[in-house]
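Number of protein chains: 2
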Amino acid sequence: MSPRDPQTRKADTLAMLAAPEIDVWVATASESGEAHLVPVSLAWVDERVVIAIPAKSVTTTNLTASGRARLAVGPTRDVVMIDAALERTVGVDDDQTLGEVYAAQSDWDPRGDSAYVFVVLRPVRLQAWRESNEIKGRTLMRDGAWVV
Amino acid sequence: MSPRDPQTRKADTLAMLAAPEIDVWVATASESGEAHLVPVSLAWVDERVVIAIPAKSVTTTNLTASGRARLAVGPTRDVVMIDAALERTVGVDDDQTLGEVYAAQSDWDPRGDSAYVFVVLRPVRLQAWRESNEIKGRTLMRDGAWVV
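Residue numbers (the numbering used here), protein chains in the order written: chain D, 1 to 148; chain Z, 1001 to 1148.
Since the hints were derived computationally from the structure, they do not count as laboratory data. Don't take each hint at face value.
[Unchecked claim] Straight-line alpha carbon distances no greater than 30 Å define the calculated BS3-like cross-link-like pairs of lysine-lysine that follow:
id : chain 1 : residue 1 : chain 2 : residue 2
1  : D       : Lys56     : D       : Lys136
2  : D       : Lys136    : Z       : Lys1056
3  : D       : Lys56     : Z       : Lys1056
4  : Z       : Lys1136   : Z       : Lys1010
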């Protein structure tokens, strides 16, 4: 398969992020340098990745301490990789709009479970590729701005 | 779908790890606490996860420094999660048996590219689950030993 052009990659990326019932791999690191990785549901809201996780999870602890995560969406051979910064964390019942949008895209609804928080992650760098012939030109966003 | 029993999960896990052209998400952390995540091909050799990556990659640097990685195999809703320890790193042309087995399972062959190394990762903890009803009973290996 020939490599997609930049505009197609961006369109495919935005479609994937807005797809119903889409999941994201969230990689974080502890202050002591231990990597953590979990799959969770995502919502794509105002160009932010929103996840819902327990406030006391390893991922939340790592994110709060480091302010950073590396995210992967899609299968290993049609991937969107995102380096993201923590924008904010909010209780799942404390932002009505976010709760509605999250529940609409995801296939579960964390609202009402006070153990959970929404975590809003701002993409800083975004890359998309399928096979090795798409490694070139994979960067679609740099320093938080689309380059395509 | 009802949750799988432990024996079925173990059999499914071993089948997935031995499948042709299977990939693994490799999460590592830098000494300064930055998470990295990449998808790469895997071979399952003598109950070890073997990957081939550039010797100078972020993943190799992190692995060498920390000795640890967190791995995910399979899609987000049929996942095998492995906490692994670095066992050894060897040039792709310096272990003939490993090279043959890797090339047989993977759909590419890194041999002949001196920039690449095989990294042999020993599973310490292994968990497998599909949906939330399989969270209970997800731990199939603990402290490097199968508990199923």
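Verification of the supplied hints:
For the given pair, Lys56/D sits about 39 Å from Lys136/D by alpha-carbon distance, which is inconsistent with the 30 Å threshold. With a C-alpha separation of about 19 Å, the suggested pair Lys136/D and Lys1056/Z falls inside the 30 Å cut-off, and the hint holds. At roughly 35 Å between alpha-carbon atoms, Lys56/D and Lys1056/Z are farther apart than 30 Å, so this suggested pair is violated. Using a Cα cut-off of 30 Å, the hinted pair Lys1136/Z and Lys1010/Z holds, with the two alpha carbons roughly 14 Å apart.
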